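Throw the hints in and build the complete structure from the sequences for me.
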Amino acid sequence: MATLVLADHDLGQLAPATARVVAAGLQLGAPVDVLVAGDDVDKVATAAAALEGMARVRVARSAALATPSAEAISALLLKLAPEYGAIVAGSAAVGRDVIPRLAAGLDLMPVTDIVAIHAANRFDRPIYAGNAIETVVSNQTQQVLTIRASAFRPVGQGGSAPVEQVDAGGIAAVTRLLAAHRTESDVPDLATAQIVVGGGVSVGSAEGFKLIERLAHRLGAAVGATRAAVDAGYAPNDWQVGQTGKIIAPDVYIAVGISGALQHLAGIQGAKKIVAINTDPEAPLVKIADVALIGDLFAVVPELIEELARLGIGGQAQG
Amino acid sequence: MKILVAVKRVVDHNVRIRVRSDSSGVETDNVRMSMNPFDKHAVEAAVQLAEAGKADEIVIVSIGPKQANDVILTALAMGAHRGVLIETNERVETLAVAKLLKAVADEEKPDLILLGKQAVDDDSNHVGQMLAGLLGWPQATFASEIKAGEGGLEVTREVDYGRATIALPLPAIVTADLRLNTPRNAALPMVMKARQKPLAVRPVAEFGIDISPRLVIDKVSPPAERPGGRQVADTAELAAFIAGEVKELEAL
Ligand SMILES: Cc1cc2nc3c(=O)[nH]c(=O)nc-3n(C[C@H](O)[C@H](O)[C@H](O)COP(=O)(O)OP(=O)(O)OC[C@H]3O[C@@H](n4cnc5c(N)ncnc54)[C@H](O)[C@@H]3O)c2cc1C
Ligand SMILES: Cc1cc2nc3c(=O)[nH]c(=O)nc-3n(C[C@H](O)[C@H](O)[C@H](O)COP(=O)(O)OP(=O)(O)OC[C@H]3O[C@@H](n4cnc5c(N)ncnc54)[C@H](O)[C@@H]3O)c2cc1C
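Top to bottom, those sequences are chains A and B. In terms of our numbering, the first sequence is numbered consecutively and its last residue is 319. In terms of our numbering, the second sequence is numbered consecutively and its last residue is 252.
Just so you know, the hints here were simulated from the structure itself, not pulled from any lab data. Owing to the predicted nature of the structure, the values given are computational and were not obtained by experimental measurement. No false leads were slipped in.
25 Å max Cα-Cα, derived PhoX-like pairs, lysine-lysine:
(1) B:Lys102 x A:Lys79
(2) B:Lys54 x B:Lys147
(3) B:Lys247 x A:Lys273
(4) B:Lys109 x B:Lys54
(5) B:Lys247 x A:Lys272
(6) B:Lys193 x B:Lys54
(7) B:Lys147 x B:Lys109
(8) B:Lys2 x B:Lys54
(9) A:Lys79 x B:Lys99
(10) B:Lys99 x B:Lys66
(11) B:Lys197 x B:Lys102
(12) B:Lys109 x B:Lys197
The structure is reproduced here in structure tokens:
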């Protein structure tokens, strides 16, 4: 039986993570359909149809789906579930919200935050903030899964899957969106960025975070933060990296003034290279970094931005 | 308004855990246990609603071994009114936890059920959503602010793009994120008083719910070790390293 992947999208844009979730869905070995649920989603459907390897894109349009809600999306997925052997979403906010609710409706145990697929019923998932990896086997009749997108390589963009409509009648929104507080920023998507610059509470102020952002601009990088920095009001909550924030797997993670508490490390275990800038040579992050510089971030970071410019990195950025 | 709060006893979040050498799981013998941190925020939210005159009864429920009484007592000391322990020494999966909580909700008929957004041991992040699905109630997960009005709630949720404020009717499920509030530490007199509050211990069998696991845990392994790296002497050397990495990425 086929696999259904729920597309993640926001403001009419397909989330970059979906190409990775599709890649994971294909590893289950069955044909993959992608479901785009929303109201004004033509562009999203077109972008989804370009993902390689899929059977078809199914579009469910309804005013009740205009903003993503667990009640409406899980009701839609419950209707479609009999056609599928597996239903898969990314483990970002929408997938985390929807998939367990759907699983309960189907009387199934979901397997969530999957980082490796060994077989169509055998998966790895991290537990205890990534300090242990659990390998689980699900011999249930259907699989209901979320995928940690950063653990999978995206499929290409050369596809041309057919787009079909799905009946979204009878789906009602129970909750109502009153306000969306968006972080205005032109930095790349944190969850899928190749380079991330992270700042800790020692950056000292929201003003101080501008310095972190300048370094990020120079490198074309996304910006991350520790929970301590977010709690102090120096950085917005959607920048938090860690067990309870975003999980990232960039090629390079540059940790500036971050101690490396295990809850923070949980979010960066997938990073290929880690760079640490810290005054304390004993900080756990310095111990695990590939390259560490012991020094004061307020002296190091401005110098680093200048050095990078001299080396011809990020010419057009406003570093 | 009557509030039910689900709390879980977990390995304390400050403990550095160890995977058993036979890959059967994580060593939990003789390690410090405490209330799941997210659940403290859920209890605190309930107590604040009671203090604001919006709630008149707070019932705490936990599923786990006899020792889980300790976390119920912690919640009672914070200001909750009574507790229910559903006692089991078995591994209880999230679906079974949600079914047991539904059975309690059917008996207690709360207007609001508060849970933590995730437990820091299994990191599942399931139970609130599953319970909402089983009850057919609306849900507001990852809450960083709760406002109670007439017959409904306004909840601010932490989402991928920042925060979203939603309105939902009662009865409802809310799961707590860490920025919801600052949980109080119960003063000694409250801890003493907690022991006087009603705490029912009920064997899991009483509920007649099949809790046999659906998933097989094949093995539990430690994560890949990160070999430590090197220290560089100055910013120029650091910049050269980073520039090298960036150029390699651009070449791909
Ligand atoms: C249940 C739970 C969940 C959590 N989830 C998360 C999570 O998802 N993400 C997360 O990040 N945290 C999380 N935390 C918090 C975590 O435990 C740490 O408190 C937090 O990560 C520490 O942030 P920090 O590194 O900014 O601050 P600190 O630990 O205070 O470290 C500051 C570092 O800056 C260095 N420093 C100071 N001054 C300078 C300077 N001038 N130049 C250079 N270096 C300097 C210091 O040497 C130190 O290493 C969670 C905690 C709990 C209990
Ligand atoms: C003695 C014992 C041994 C166990 N051993 C294992 C094991 O080796 N491997 C394994 O995978 N699981 C084991 N479990 C089961 C496991 O601890 C969880 O109960 C279950 O997997 C729920 O996952 P979670 O806590 O990550 O749920 P989440 O969905 O992350 O929890 C969210 C919220 O739901 C509520 N909640 C969750 N569980 C409970 C509960 N029990 N009581 C009250 N409220 C709750 C809390 O408010 C919590 O914040 C064991 C349980 C017991 C009692």
